[in-house]
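Make a model of the complete structure from these sequences and hints.
Protein chains in written order, with the working numbering: chain Y, 1 to 531; chain R, 1 to 537.
Everything labelled a hint here was simulated from the structure, so no lab data went into it.
Every residue gets a Cβ at the ideal spot worked out from N, C-alpha and C, and that includes glycine.
It is possible that part of the hints are untrue.
[Said to hold, decoys possible] Pairs of lysine to aspartate or glutamate residues, derived as DMTMM-like cross-links and limited to a Cα-Cα distance of at most 25 angstroms, are as follows:
hint	chain 1	residue 1	chain 2	residue 2
1	R	Lys185	Y	Glu276
2	Y	Lys55	R	Glu76
3	Y	Lys381	R	Glu99
4	R	Lys185	Y	Glu352
5	R	Lys68	Y	Asp86
6	Y	Lys368	Y	Asp86
7	Y	Lys295	R	Glu76
8	Y	Lys295	R	Glu99
9	Y	Lys317	R	Glu223
10	Y	Lys223	Y	Asp135
11	Y	Lys223	Y	Asp150
[Unchecked claim] Here chain Y is said to cover these stretches of chain R; the calculated rule only asks that three of the stretch's residues, wherever they fall, bring their Cβ under 8 angstroms from a Cβ of chain Y:
hint	segment
12	27-35
13	64-73
14	447-461
15	516-522
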Amino acid sequence: MAAISLLNPKAEFARAAQALAVNISAAKGIQDVMKTNLGPKGTMKMLVSGAGDIKITKDGNVLLHEMQIQHPTASLIARASTAQDDMTGDGTTSTVLVIGELLKQADLYISEGLHPRVLTEGFDLARAKTIEVLDSLKIPIEPTKEGLLDVAKTSLRTKVHPSLADKLTDVCVEAILTIKQGDQQIDLHMVELMEMQHRTAADTSLIRGIVMDHGSRHPDMPKRLENAYILTCNVSLEYEKSEVNSGFFYKTAEEREKLVAAEREFIDNRVKKIIELKKKLCDGTDKSFVVINQKGIDPPSLDMLAKENIMGLRRAKRRNMERLALACGGVAMNSVDDLQEEHLGWAGLVYEHVLGETKYTFVEDCKKPNSVTILLKGPNKYTLVQLKDAVRDGLRAIKNAIDDRAVVPGAGAFEVAASQALQRFKEEVKGKLRLGVQAYAEALLIIPKTLAINSGFDSQDTIVKLFEESTALGEAVGLDLSSGEALKPADAGIFDNYVVKKQIINSCTVIASNLLLVDEIMRAGMSSLKG
Amino acid sequence: MTAREILSFQFGHYSNFIGTHWWNIQESNFSYDQDHPSDINHDVLYRQGETQRKEVTFTPRLLAVDLKGTLGYLSEQGNLYEECDSEESNSLWENKDLEVVTEPAPAKSPFIQSLEANAGESARKFDLESEVNSWVDYLVPRFHPRTINILKQYKHACTSQPFDIFNYGLNIWKNAQYSEDFCDKIRSYVEECDMMQGFHVILDSTDGFAGFGAACIQYLRDEYGKSILSFPAIDGKSSEPSAANLIKVVNTALCWQSIGEHSSLFSPLCAGTSGWLPSDVPREFANLTYNRDLKYHSSALLATALDTVTLRYRNKAYPASALSDLCADLNKLGRKAAAISLSLPFPMTVKRDLIDILDDFDGSPWTSLTPSCEITTDKNMQSIVLRGVLEERLKRPLHDARKQMAKPAYRCSTVHEMMTMYLAYSCHASATHLTVINEPLKIKNPFPKIFNNNVHANGDIAAWPVGEDVKSVPVMAGLHSGEGLSKMFSSLHDQAMKVKSIKKFHAFQDSGLEQDEYAECLNYLLDCKEAYEDHYV
Ligand SMILES: Nc1ncnc2c1ncn2[C@@H]1O[C@H](COP(=O)(O)OP(=O)(O)OP(=O)(O)O)[C@@H](O)[C@H]1O
Ligand SMILES: [Mg+2]
Numbered sequence: 001m002a003a004i005s006l007l008n009p010k011a012e013f014a015r016a017a018q019a020l021a022v023n024i025s026a027a028k029g030i031q032d033v034m035k036t037n038l039g040p041k042g043t044m045k046m047l048v049s050g051a052g053d054i055k056i057t058k059d060g061n062v063l064l065h066e067m068q069i070q071h072p073t074a075s076l077i078a079r080a081s082t083a084q085d086d087m088t089g090d091g092t093t094s095t096v097l098v099i100g101e102l103l104k105q106a107d108l109y110i111s112e113g114l115h116p117r118v119l120t121e122g123f124d125l126a127r128a129k130t131i132e133v134l135d136s137l138k139i140p141i142e143p144t145k146e147g148l149l150d151v152a153k154t155s156l157r158t159k160v161h162p163s164l165a166d167k168l169t170d171v172c173v174e175a176i177l178t179i180k181q182g183d184q185q186i187d188l189h190m191v192e193l194m195e196m197q198h199r200t201a202a203d204t205s206l207i208r209g210i211v212m213d214h215g216s217r218h219p220d221m222p223k224r225l226e227n228a229y230i231l232t233c234n235v236s237l238e239y240e241k242s243e244v245n246s247g248f249f250y251k252t253a254e255e256r257e258k259l260v261a262a263e264r265e266f267i268d269n270r271v272k273k274i275i276e277l278k279k280k281l282c283d284g285t286d287k288s289f290v291v292i293n294q295k296g297i298d299p300p301s302l303d304m305l306a307k308e309n310i311m312g313l314r315r316a317k318r319r320n321m322e323r324l325a326l327a328c329g330g331v332a333m334n335s336v337d338d339l340q341e342e343h344l345g346w347a348g349l350v351y352e353h354v355l356g357e358t359k360y361t362f363v364e365d366c367k368k369p370n371s372v373t374i375l376l377k378g379p380n381k382y383t384l385v386q387l388k389d390a391v392r393d394g395l396r397a398i399k400n401a402i403d404d405r406a407v408v409p410g411a412g413a414f415e416v417a418a419s420q421a422l423q424r425f426k427e428e429v430k431g432k433l434r435l436g437v438q439a440y441a442e443a444l445l446i447i448p449k450t451l452a453i454n455s456g457f458d459s460q461d462t463i464v465k466l467f468e469e470s471t472a473l474g475e476a477v478g479l480d481l482s483s484g485e486a487l488k489p490a491d492a493g494i495f496d497n498y499v500v501k502k503q504i505i506n507s508c509t510v511i512a513s514n515l516l517l518v519d520e521i522m523r524a525g526m527s528s529l530k531g
Numbered sequence: 001m002t003a004r005e006i007l008s009f010q011f012g013h014y015s016n017f018i019g020t021h022w023w024n025i026q027e028s029n030f031s032y033d034q035d036h037p038s039d040i041n042h043d044v045l046y047r048q049g050e051t052q053r054k055e056v057t058f059t060p061r062l063l064a065v066d067l068k069g070t071l072g073y074l075s076e077q078g079n080l081y082e083e084c085d086s087e088e089s090n091s092l093w094e095n096k097d098l099e100v101v102t103e104p105a106p107a108k109s110p111f112i113q114s115l116e117a118n119a120g121e122s123a124r125k126f127d128l129e130s131e132v133n134s135w136v137d138y139l140v141p142r143f144h145p146r147t148i149n150i151l152k153q154y155k156h157a158c159t160s161q162p163f164d165i166f167n168y169g170l171n172i173w174k175n176a177q178y179s180e181d182f183c184d185k186i187r188s189y190v191e192e193c194d195m196m197q198g199f200h201v202i203l204d205s206t207d208g209f210a211g212f213g214a215a216c217i218q219y220l221r222d223e224y225g226k227s228i229l230s231f232p233a234i235d236g237k238s239s240e241p242s243a244a245n246l247i248k249v250v251n252t253a254l255c256w257q258s259i260g261e262h263s264s265l266f267s268p269l270c271a272g273t274s275g276w277l278p279s280d281v282p283r284e285f286a287n288l289t290y291n292r293d294l295k296y297h298s299s300a301l302l303a304t305a306l307d308t309v310t311l312r313y314r315n316k317a318y319p320a321s322a323l324s325d326l327c328a329d330l331n332k333l334g335r336k337a338a339a340i341s342l343s344l345p346f347p348m349t350v351k352r353d354l355i356d357i358l359d360d361f362d363g364s365p366w367t368s369l370t371p372s373c374e375i376t377t378d379k380n381m382q383s384i385v386l387r388g389v390l391e392e393r394l395k396r397p398l399h400d401a402r403k404q405m406a407k408p409a410y411r412c413s414t415v416h417e418m419m420t421m422y423l424a425y426s427c428h429a430s431a432t433h434l435t436v437i438n439e440p441l442k443i444k445n446p447f448p449k450i451f452n453n454n455v456h457a458n459g460d461i462a463a464w465p466v467g468e469d470v471k472s473v474p475v476m477a478g479l480h481s482g483e484g485l486s487k488m489f490s491s492l493h494d495q496a497m498k499v500k501s502i503k504k505f506h507a508f509q510d511s512g513l514e515q516d517e518y519a520e521c522l523n524y525l526l527d528c529k530e531a532y533e534d535h536y537v
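Structure (structure tokens):
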């Protein structure tokens, strides 16, 4: 575990105080870059590379990684934000701000001679108290459309403008409710995000079925079928030359041709079996037949299928096999030997849409689509990426809310309530530890303060207003970003995820403490910080 | 005409240098003359597409991966497929709140500038030796938006967090998000193919790309089961002995073990003689002078060898010939590695005929480009391609034949026949597959000016300086499976043994390599060494 040698040897001798100063200034630096991004009034950043590649984001985690951070402190903070993103999908900007602020507050005390160890112990007490407050603010919800719309909307409105956010909110909530199966865990893989570089983001829509970014590869195949059996399979319908037979040993061309013909026939027989079933089930009815294969289908096989008016798609994505079965019914087959009707799925409509050199195949009107597709539209690649990031965040927020069966009031309400509670709690804490609690209480306020500044309000005034209002009302209040006054988040429908806030509190405390105890970390080995 | 398609990969900076030359060579050899179509079927390596504006595109069927900071002026998306017009721009957010951070635009090399200005084969001379910093500085083809992939986690030539460990690359592949996007691109390419024959993979074997590429090769094997021909590459520039060199050896060993298991065939590439020993000397070519320390130079040699040797299954004359045949010929009995050879130019002496030239050969007709591996003439399974020797240079007509008549080869009436005869006589106990193509290799900018001044414009060799600009050359290249590879494995094994315990290299341990795995890898090298030892003849 210990791998001190990984460090720059000079760092070992750097005096602890110096190292601490470096950490604090690095954390402040990142905090400054991220501050302006927080909340629905934050700024979007557009990063244009020298070659003209564009990336638009206000997501803390994305930014940290685009910025290419080399400083070890910074990369530790970046890792905390990535972990936050992996676990909850949200709160990465807040993570950076809170870590930075904990260090800043700590700095004030340390410069007056307080030992970092005392502060971090105080932090720990404060952390436990803060989680208590968070638990007390939980608002239970039901996993229904009404219960989920607000939390999804709050998340999406921090990433795209309000009218688009509202549209996406609907799409995301509908998507999750469609794939939700009873009380089972939600599997976000069952919501596929498909990009289509076309038109505007406002055309983004939910398809209750599957969209694939490929189509049939034969000019005579049907482009649109109704009332269709769907065969999903993982069976090669392509003649492959094997590597077994060395060319040295063929004496004649005929000998070789014979072998090819025999192997070809083997493939043809597979295609014939599919055609047989199609004939049995469809001929003389208004039903039709679609083959979606994970393996290849070569031109002769396509030809045979096309003659029977069968639509055939090859090289379907592996993950679509499972999704197709969930959307249409049926099972993904690994062989066509005992093909039966019950192996097949069904869709009301299957059709192809061509855009430039890309074909899309829509499988729609499924009976009980347990897997759906969100079709993202945008005029260019970077808009699509931005949109995809936003939709992912929205979906995660909804899933989190369902998993938590609760939400918490947003708009800074939780942080204000926690800060006030810590101020009271401080009085019960003995000795210098209370200074840690004090610092922690101050640090949490960075969230409402930054929300205020980003909306053009004075941060001090705002905090005073919010304190007064919450004391007067005896409940948690947040900031109305358009008026600068206090509001009740529940009335305004501004909710955050419980799990996101909880993760922020826990990880920020740990990381800030590690950075403060920098000399001890060096002794304990910093290998875990390398990445 | 139908083609049996190949999807190409380039993993790493040096591999992209090689690849860039390779694609440039393809484009220099395109024929736009309807009456003289090329012998080469370019549909094998290229794909035809269409932009949203209905313009037809012809781009390499390629996925190239490199680190941040290598692309310079080149956009990741390529500039071929313009975005579709829209009134909506950046309007996912209120515009007033958009903060734009723009990096300065990097300079384009004079060569690229003239390419973009469409100056054609102008009289301009470029000083590519000093202008080329990255492969993008001499890149001719334009790419499909899928082609370029950047590993964002690491920066090129970064000393504080270098991408220098096999497992770093492996770990990136294991990160589901990244590999999923990458695999989707592979799948899109494969889906387009009607009768794909397999994959070409060039990968840097000495750094993190070894792990990334090896993981990808394993994925290709599992997912598609088609033939995979891999070229692990080592930059043969001069270097001082150092711990970093040992790290490179470990990476190479781990790389070969993995790709040896999952490729159909692999052929290590290096313009240096040993590849990993300190005080390595460059491979010598009688009629070439090149600077081993320039990637731009050494990679051109390697690319030329790759281009020629793969013509076996990329020509129009034998559409049935496939990559799988080549692999089947050479990969028997656990012999997954093959050495690669190059003869550049194939030495057609001025005014002499092939029959005499072959007769005069003493020593080996080819130079090995595989590290620590000499290619013996005897006891090989080999696949050889000769291009650019025309029938009229075969021999003299009867009335003028004189001494030639006395040679048994005089009865041969084609280059193929005569070469086959020569190989049968000179390569004892060998099995050779020979491909002959009429078209010589056309040499155009930005191919480096490495030909000595005794080489004529058509590639003929004179005994004195002629001072012509070389326009085309005959080339011979081969893949050989024989005893020499035993020495290669044994040399790498001995070198890798110097690292007895990977515990000394924290970076390996911390990124997940176990001592047992390393020991297994060393054993693998020994097994390979034995697989090439011949105890029968
Ligand atoms: N309408 C609103 N009014 C006031 N505050 C809001 C509103 N919507 C969201 N917020 C607050 O904005 C903060 C979230 O901002 P944002 O989503 O930009 O950052 P983050 O979640 O910390 O990081 P990221 O989303 O980049 O991972 C939360 O504190 C949330 O309560
Ligand atoms: Mg957020």
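Tested hints:
1. R:Lys185 x Y:Glu276: Violated, at roughly 34 angstroms.
2. Y:Lys55 x R:Glu76: At roughly 12 angstroms apart (the allowed maximum being 25 angstroms), Glu76 (chain R) and Lys55 (chain Y) satisfy the hint.
3. Y:Lys381 x R:Glu99: 19 angstroms, holds
4. R:Lys185 x Y:Glu352: Since the Cα atoms of Lys185 (chain R) and Glu352 (chain Y) sit roughly 20 angstroms apart, the hinted pair holds (cutoff 25 angstroms).
5. R:Lys68 x Y:Asp86: The given pair, whose Cα atoms are some 23 angstroms apart, holds under the 25 angstroms limit.
6. Y:Lys368 x Y:Asp86: Violated. Lys368 (chain Y) to Asp86 (chain Y) sits at ~30 angstroms, over the 25 angstroms cutoff.
7. Y:Lys295 x R:Glu76: 30 angstroms, violated
8. Y:Lys295 x R:Glu99: Violated, because 46 angstroms separates the two Cα atoms, which is more than 25 angstroms.
9. Y:Lys317 x R:Glu223: 11 angstroms, holds
10. Y:Lys223 x Y:Asp135: With Cα atoms ~55 angstroms apart, Lys223 (chain Y) and Asp135 (chain Y) exceed 25 angstroms; violated.
11. Y:Lys223 x Y:Asp150: 41 angstroms, violated
12. 27-35: violated (count 0)
13. 64-73: n = 4 at 8 angstroms, threshold three: holds.
14. 447-461: The restraint on the segment 447-461 of chain R is violated, since only 0 of its residues have a Cβ under 8 angstroms from chain Y and three are required.
15. 516-522: Not satisfied, violated; 0 residues make the cut.
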